[in-house]
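Let the hints inform the model, and build the full structure from the sequences given.
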Amino acid sequence: MNKKILSAWMVLMGLSIFFYPAMKDYYTSYNQEKMIEKWEDNDNGAAASLDELEKVFSMETQAETIESEEEKQDDHVPAAVETKQLANGMVGVIEIDKIGLQLPVLNGASMTNLDHGAGVLEGTPMPGMPGNSAIAAHRSRGFGKMFNRLDEIGTGDTVTVRDKNNTYVYEVYDTVVVEPDDISVLNGSEDEKTLTLITCTPIDTATHRLIVKARIRP
Numbered sequence: 001m002n003k004k005i006l007s008a009w010m011v012l013m014g015l016s017i018f019f020y021p022a023m024k025d026y027y028t029s030y031n032q033e034k035m036i037e038k039w040e041d042n043d044n045g046a047a048a049s050l051d052e053l054e055k056v057f058s059m060e061t062q063a064e065t066i067e068s069e070e071e072k073q074d075d076h077v078p079a080a081v082e083t084k085q086l087a088n089g090m091v092g093v094i095e096i097d098k099i100g101l102q103l104p105v106l107n108g109a110s111m112t113n114l115d116h117g118a119g120v121l122e123g124t125p126m127p128g129m130p131g132n133s134a135i136a137a138h139r140s141r142g143f144g145k146m147f148n149r150l151d152e153i154g155t156g157d158t159v160t161v162r163d164k165n166n167t168y169v170y171e172v173y174d175t176v177v178v179e180p181d182d183i184s185v186l187n188g189s190e191d192e193k194t195l196t197l198i199t200c201t202p203i204d205t206a207t208h209r210l211i212v213k214a215r216i217r218p
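Per full-length UniProt numbering, numbering of the sequence shown is gapless, rising by one per residue and ending at 218.
One or more of the hints may lead you astray.
Stated by the list, open to error - Keeping only pairs whose Cα atoms sit at most 25 Å apart, straight-line, the calculated DSS-like set for lysine-lysine is:
| hint | residue 1 | residue 2 |
| --- | --- | --- |
| 1 | K213 | K55 |
| 2 | K213 | K98 |
| 3 | K98 | K164 |
| 4 | K145 | K213 |
| 5 | K145 | K55 |
| 6 | K213 | K164 |
| 7 | K98 | K145 |
Unchecked claim - Derived Cβ-Cβ restraints for the label pairs, each shown as a range:
| hint | residue 1 | residue 2 | range |
| --- | --- | --- | --- |
| 8 | N165 | D204 | 36 to 44 Å |
| 9 | E33 | T167 | 17 to 25 Å |
| 10 | H208 | G154 | 13 to 21 Å |
| 11 | G154 | P180 | 16 to 24 Å |
Since the hints were made in silico from the structure, they are not lab data.
Keep in mind that this is a model prediction, so the values were computed, not measured.
Note that beta-carbon positions come from the ideal geometry of N, C-alpha and C, so glycine has one too.
Structure follows, in structure tokens:
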């Protein structure tokens with residue numbers, strides 16, 4: 001009997017480890033949808049930033065393994081409460097039809113924000129404003145998650161960012177791979193409204209940054 005119980009327990013543990021990544025992806029996608037819903041229903045709505053972003057990206061690379069049972073059992077803020085808090089910090093939604101992307105955009109590219117969506121780098125303007133608005137997101141290894149497919153974007157493709165009152169459509173004019181500390185990607189002009197999307201590349205080692213540059217359409 002004990003052997004049967006042990007065997008059953010080992011099978012359950014194996015299944016939980018096997019299915020955990022898929023369950024985590026589903027949970028993240030579900031929370032993103034809920035954040036966008038709550039944000040839409042709620043009417044109340046740069047060098048240093050890049051440095052902080054690199055710390056967040058670097059921690060993601062180190063953490064790209066299945067979390068330990070101990071980590072999964074840590075005390076967390078209840079999901080519904082956390083989702084509501086994050087929705088209150090949302091500034092918009094980013095959509096890229098070519099790759100089937102829709103992500104909540106939060107104010108700031110902190111670790112917590114980038115765990116749940118994309119974040120506007122502090123020190124850069126909000127989308128739709130004059131200057132160069134920079135939005136970062138992780139390059140999740142799950143196909144189609146976060147900025148996973150950003151490398152499929154090219155010149156002429158469109159990126160849409162909407163807030164409570166406006167929808168901004170940007171047209172991509174350049175994509176480039178740079179070193180993590182290349183702050184020139186944040187350069188902008190007050191005479192233009194541009195958008196810079198930032199994520200890691202390659203997916204497995206994240207040694208560089210994939211940059212997508214776009215200009216707002218009239």
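- Starting from the hint list further up, note which numbers the structure goes against and sort them upward. none
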